[in-house]
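Chemist: One letter stands for each residue in the lines below.
Number of protein chains: 2
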Amino acid sequence: MATDSASFFRQTSVPDKFEERNQCIKSFVERHKSLQNRIVLVSSGGTTVPLESRTVRFIDNFSVGTRGSSSAEYFLDKGYAVIFLYSKKSLIPYTRHFVKIPFLDLLDSCVKNDDVCVRDEYRGEIKTVLQKYRQVTDEGRLLMVDFSNLTEYLHLLRASSQHLNSIGPQAMLYLAAAVSDFYIPKSDMPQHKIQSSDGPLQLELQLVPKMLEPLTREWCPNAFTVSFKLETDMEILLSKAKRALNKYNHQVVIANLLETRKTEVMVVTRDSDQWLRLSGEELASGTEIETKIVEELQKKHDEFRT
Amino acid sequence: MATDSASFFRQTSVPDKFEERNQCIKSFVERHKSLQNRIVLVSSGGTTVPLESRTVRFIDNFSVGTRGSSSAEYFLDKGYAVIFLYSKKSLIPYTRHFVKIPFLDLLDSCVKNDDVCVRDEYRGEIKTVLQKYRQVTDEGRLLMVDFSNLTEYLHLLRASSQHLNSIGPQAMLYLAAAVSDFYIPKSDMPQHKIQSSDGPLQLELQLVPKMLEPLTREWCPNAFTVSFKLETDMEILLSKAKRALNKYNHQVVIANLLETRKTEVMVVTRDSDQWLRLSGEELASGTEIETKIVEELQKKHDEFRT
Numbered sequence: 001m002a003t004d005s006a007s008f009f010r011q012t013s014v015p016d017k018f019e020e021r022n023q024c025i026k027s028f029v030e031r032h033k034s035l036q037n038r039i040v041l042v043s044s045g046g047t048t049v050p051l052e053s054r055t056v057r058f059i060d061n062f063s064v065g066t067r068g069s070s071s072a073e074y075f076l077d078k079g080y081a082v083i084f085l086y087s088k089k090s091l092i093p094y095t096r097h098f099v100k101i102p103f104l105d106l107l108d109s110c111v112k113n114d115d116v117c118v119r120d121e122y123r124g125e126i127k128t129v130l131q132k133y134r135q136v137t138d139e140g141r142l143l144m145v146d147f148s149n150l151t152e153y154l155h156l157l158r159a160s161s162q163h164l165n166s167i168g169p170q171a172m173l174y175l176a177a178a179v180s181d182f183y184i185p186k187s188d189m190p191q192h193k194i195q196s197s198d199g200p201l202q203l204e205l206q207l208v209p210k211m212l213e214p215l216t217r218e219w220c221p222n223a224f225t226v227s228f229k230l231e232t233d234m235e236i237l238l239s240k241a242k243r244a245l246n247k248y249n250h251q252v253v254i255a256n257l258l259e260t261r262k263t264e265v266m267v268v269t270r271d272s273d274q275w276l277r278l279s280g281e282e283l284a285s286g287t288e289i290e291t292k293i294v295e296e297l298q299k300k301h302d303e304f305r306t
Numbered sequence: 001m002a003t004d005s006a007s008f009f010r011q012t013s014v015p016d017k018f019e020e021r022n023q024c025i026k027s028f029v030e031r032h033k034s035l036q037n038r039i040v041l042v043s044s045g046g047t048t049v050p051l052e053s054r055t056v057r058f059i060d061n062f063s064v065g066t067r068g069s070s071s072a073e074y075f076l077d078k079g080y081a082v083i084f085l086y087s088k089k090s091l092i093p094y095t096r097h098f099v100k101i102p103f104l105d106l107l108d109s110c111v112k113n114d115d116v117c118v119r120d121e122y123r124g125e126i127k128t129v130l131q132k133y134r135q136v137t138d139e140g141r142l143l144m145v146d147f148s149n150l151t152e153y154l155h156l157l158r159a160s161s162q163h164l165n166s167i168g169p170q171a172m173l174y175l176a177a178a179v180s181d182f183y184i185p186k187s188d189m190p191q192h193k194i195q196s197s198d199g200p201l202q203l204e205l206q207l208v209p210k211m212l213e214p215l216t217r218e219w220c221p222n223a224f225t226v227s228f229k230l231e232t233d234m235e236i237l238l239s240k241a242k243r244a245l246n247k248y249n250h251q252v253v254i255a256n257l258l259e260t261r262k263t264e265v266m267v268v269t270r271d272s273d274q275w276l277r278l279s280g281e282e283l284a285s286g287t288e289i290e291t292k293i294v295e296e297l298q299k300k301h302d303e304f305r306t
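For the protein sequence lines, the chains are A and B, in the order given. Residues in the first sequence are numbered from 1 upward in steps of one, following the numbering used here. Residues in the second sequence are numbered from 1 upward in steps of one, following the numbering used here.
No lab work stands behind these hints: they were computed from the structure. Note that the structure is predicted; figures quoted are calculated from it, not measured. Treat the hints loosely; a few may be bogus.
Same chains, same names: a pair is fine if it fits in one copy or spans any two.
Unchecked claim - Calculated lysine-lysine pairs in the PhoX-like style (CA-CA distance at most 20 Å, straight line):
{"#": "1", "residue 1": "Lys100", "residue 2": "Lys17"}
{"#": "2", "residue 1": "Lys300", "residue 2": "Lys78"}
{"#": "3", "residue 1": "Lys88", "residue 2": "Lys100"}
{"#": "4", "residue 1": "Lys186", "residue 2": "Lys210"}
{"#": "5", "residue 1": "Lys100", "residue 2": "Lys89"}
{"#": "6", "residue 1": "Lys292", "residue 2": "Lys229"}
{"#": "7", "residue 1": "Lys229", "residue 2": "Lys247"}
{"#": "8", "residue 1": "Lys262", "residue 2": "Lys292"}
{"#": "9", "residue 1": "Lys78", "residue 2": "Lys100"}
{"#": "10", "residue 1": "Lys127", "residue 2": "Lys292"}
Just chain A, same shape as in the assembly (with noise of 0.2 Å):
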């Protein structure tokens, strides 16, 4: 049986830091609105679910956070202030071009001088993203919260729609996060970690109740929200995002399958559907499929403001 959000709630407890973070949220909001700045809340990354109460085992999903931490950085060029609500482990903004390549590997111990520096060869393009870091940084327009669980992100993302919606159509929610659809409740779940000599493992997930329900109703009816469709199969992606558009009544649904969703996705309206691509020379030079996101996203939240 489906739970509903306010029962969620009822049932898990405030997670651990929660009224800083919150604290730290509603001063961000507070500073913008006064600043007359837009805010988008970027989520990101997967949230995890566990299967015993002292975890070691939980569900996870794929997500690694590329498109919420690239599209961060995009909101920020065109001059948004960003929450930026992320999975601990995830990818952010700017720090994530350099990942691949472990740290110790970008730095070598300069013989003229007793500095430690980056190595000649990845020096431009550190350079280039530790400028725009260093702006954004000083300017105060990114706050970074990071979560490790659904029921955290749940709490998190409830608690900054709410003090978003003090600047109504100034913000824009942009929920990329991967968010768990099945979860145990506390009350089924296991204390001690599960025995393997207890045979074949039968586990009974329950869904979580789905939160665009109160967030366009009730937390933050007056933003400008966009929510994501992931699926593997095309022939159920534009009828799953229409029916999201129907029954949430928010703006958006950013359509994409799993094998291609770097090099094209649909952007979904009540009214319209469109494919943003990329095509080979874009993908060649490294451009990335957000960068048109963002672009389309801005045009469209200009016209709902006015």
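Using the hints, position chain B against chain A.
Modeler: Relative to chain A, chain B alone:
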């Protein structure tokens, strides 16, 4: 019904890029064999188990590879050659010391020249670690091999241990990876993403065959083999460790509890069990329990070799 290891391997296909990595492991072992070096295989991190064929969701465990990556450093300190078999996204030796701070926050553009340098406050520590890292790299004593899921891990474990068999008791297997106990056989897996509209999710997971069995019997019978036992319940910890030793006939089980695993472990052999613990002083100074584990194992490995 439990599958035996042979049929597990028959059911699964050889992972991508397996042969390339297999060759690297083979040459690494041959080179250090000719140098008469001791070699330890350190497995590290968790193994994921896909729930769908085109994987969106998977079961993972909490392991981030702290035990494995720190132990690898201490084995390198002791002169071992190390094959570090680790799960993608888990911690790696040396670099692990600097993961809590986003990489870009460690850096600064130098005013005096065109360099990008490590900030003053981090320079000392980074320099020390960088030197050690360069030394083992220059000596070719560290081979890094990554895997992304259970099947890949098991194929690489079998290949590595078979190669290590050629150096007999000079080899140590230090199996710190948190291997899944359960998996979903390919034949039972849905091809597409599981739909939440179908209601609650029933999963039936099968037992993963215990690979210590073929490992100690066939693949690498003469090595010094160390397995790990992580529990959340103290009551069953020692008995489970002893049972494993009797069953698989290997040398050592490192037994530990989830909540205290960073400060105390039990070193269990067929005729002894001994706690290793960090004192308050050691804890305060940042000593890691792995330095004691490796020290103890080196002694036992020395006795075993002669």
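Chemist: Which hints from the list above does the structure break, by number from lowest to highest?
Modeler: Structure breaks hints 9, 10.
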